[in-house]
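A.B. asks: Residue numbers (our numbering), protein chains in the order written: chain H, 27 to 339; chain D, 1115 to 1404.
Since the hints were derived computationally from the structure, they do not count as laboratory data.
Computed from a predicted structure; not experimentally measured.
Glycine is no exception: its CB is placed at the ideal position from the N, C-alpha and C atoms.
One or more of the hints may lead you astray.
[As the list claims (entries may be wrong)] Restricting the straight-line Cα-Cα distance to at most 35 angstroms, the calculated cross-link-like pairs of lysine-lysine (DSBU-like) are:
id, chain 1, residue 1, chain 2, residue 2
1, H, K283, H, K114
2, H, K283, D, K1229
3, H, K95, H, K114
4, D, K1229, H, K114
5, H, K95, H, K283
[Stated by the list, open to error] Here are a few chain H residues that face chain D, going by a calculated C-beta distance under 7 angstroms:
id, residue
6, G53
7, A55
8, P64
9, S80
10, W82
11, A120
12, L145
13, L160
14, V168
15, V169
16, Y172
17, F178
18, I180
19, G301
20, T325
21, Q328
[Unchecked claim] Covered by chain H, per the in silico footprint, the following chain D stretches (three or more residues, Cβ under 8 angstroms):
id, segment
22, 1181-1193
23, 1258-1270
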Amino acid sequence: MAISVAHHAQVAYKPQTRTARRWRPSGEALLFLLFVGPNLFFFAVFSFWPIIYSAWLSFHRWDMIAPIKQYVGLDQYRYLLHDDVFHKVLANTAVYTVGAVGGTLILGLLVALLLNQPLRGRDGARAVIFAPSLLSGAAISVVWIYMFDPRFGIIARLLDLVHLSSPSWLTDPAWAMPAVLIVSIWKDLGFATVIFLAGLQAIPRDLYEAAKVDGAGVLWRFRSVTLPMLSPIVFFLGVTTILNTFQSFDIIQVMTKGGPVDATNTLIYYVYQQGFIAFNAGRSSAASLTLFVLMLGITLLQVRYAERRVHYG
Amino acid sequence: MADLVAARPAGGGRGIPWGRIAGYAAMVLAVIVVGTPLFWMLSGSLKTTQEVFSYPPTWFPSHPRWENYVDAWHAAPFGRFYINSLIIMTVGTAIKMVNAVCTAYALVFLRFPAKNLIFIIILAGLMVPEQVTILPNYITLSDVFGQSWINTYQGIILPGAAIAFGTFLLRQTFLGLPREVIEAARLDGCNHLRLLWDMVIPMARSSVITVMLLVAVAKWNEYLWPLIITTTEEMRPLTVGLTYLVNRESNTQWGQVMAATVFVIVPLLVVFAFAQRLIIEGVTAGATKG
């Protein structure tokens, strides 16, 4: 959609070519370089170079102190391929991603459908539900540690009210991942809600009217009108949430530090752990490149899908 | 579903509007579930140590202990953390905004060969997540022309100086501005800096402010990079300083820690309360216009 708008604007704007047809160095070109140069420079140094350097480091063994980086070929990748911890890390990343995406999208859609009703006070409700997505992940994780405490936490109390005993959320390998997931979904829910709401409000009302004339009930209208019209939004949110979850570090670092026994160790956490705790630059780089390739694949998928929308939409 | 509720006869006293009641009940429930952690933080920040560790926990502090805020302030150099967070946020946001506005302006209003290629290169920046770059950037900054920038403000701020998403959004806005007005100003001999400052930015005001708010919030919340690049307490921002207060082995002073969490979170809630519409619009623009 964006691309087509941009295209029209560019067609409409035909700069008067006063002197020469061919472009040649001028004050305008210098100004262009001055305006764009810093942004490009910082991207080159702090985004693009790191990828190249990581790729190079991943073929070496280095403790980040020694003057010599020893070339080891594909050994780091071979190690990751056969390492039980890394297998667990990949499995955790999959569970975390699927759980966060599923939970955020389903709950977000439900809340958006609710707030799309003509209820008084729904703008206030939307604000409260959106607020957590703006807050510092590190700070809210501190609050959740306090809430999850099995001895005096509010969640233990709520479970108690329905006669359930609280698990030791953050110290039990079976419960640490659900705990981290709850916090992630709580934090991202509002973002999904707001995007879904925008999508719902963009659906032309006559589609519903037409479906009603055809005798479609509430559920049928949801299936035949709402869901198909929302599918681009579902796709967008799916991709965004996957990418966000891949990068989710704050909650895990503050709540569990990847533990207990690697139960919440995800790919991004492993990159940090290998690099800045184990000082294993080569292995950290190999893992970080794996993460990068995964994310790049997902992003390209989104770009291709978005292009299709522009052509046929 | 919307019409189900809307179709009820207005002012009709016949029958109980169950759909509407259920709608309100669900909305209140959603607000309570999402809001509880924030309430719990505020309530905990006023509890005495004894009350924190008692079971069952109380919803409201029985004897509000405001001294928790004073104690928290002294438990760690929070004054210093605040200053650091403010420096990182203002300087970091300023650099990013200058980059975003200038790049977007150049891409839309200045002639240059291969502009589209340059735009694509900048968008490619979106595809490199910060997390993948931490180790190389740490190594880069440990030796900048023979100097270490580890544990310095420039080391914290500069790796995040480039901006792709904001550039993209502002470029979209600039493309939609009325061409005739800008062309007329050009023909009157208005130079590009004046044009940018006096016409383009004022006309695109709400987009610029929205991008700035989103950038500033992200800067305030930044955690991973400052955690890695700072090595002494006096360089840490609030987010990092706060998490060092939590001690999982022994009993954490939760009253104090919750008060400290309020220090980090409340400025954001205040900004959100004032700029809610802009922030939500900005966030939505990424989805519907992207």
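A.B. asks: A separate judgement is required for each hint: does it hold in the structure or not?
C.D. replies: Going down the list of hints, with the structure as the test:
no.	hint	verdict
1	K283(H) <-> K114(H)	holds, 15 angstroms
2	K283(H) <-> K1229(D)	violated, 44 angstroms
3	K95(H) <-> K114(H)	holds, 28 angstroms
4	K1229(D) <-> K114(H)	violated, 45 angstroms
5	K95(H) <-> K283(H)	holds, 28 angstroms
6	G53	violated, 9 angstroms
7	A55	holds, 6 angstroms
8	P64	holds, 6 angstroms
9	S80	holds, 6 angstroms
10	W82	violated, 9 angstroms
11	A120	violated, 18 angstroms
12	L145	holds, 5 angstroms
13	L160	holds, 6 angstroms
14	V168	holds, 5 angstroms
15	V169	holds, 5 angstroms
16	Y172	holds, 5 angstroms
17	F178	holds, 5 angstroms
18	I180	holds, 6 angstroms
19	G301	holds, 4 angstroms
20	T325	holds, 5 angstroms
21	Q328	violated, 9 angstroms
22	1181-1193	violated (count 0)
23	1258-1270	violated (count 0)
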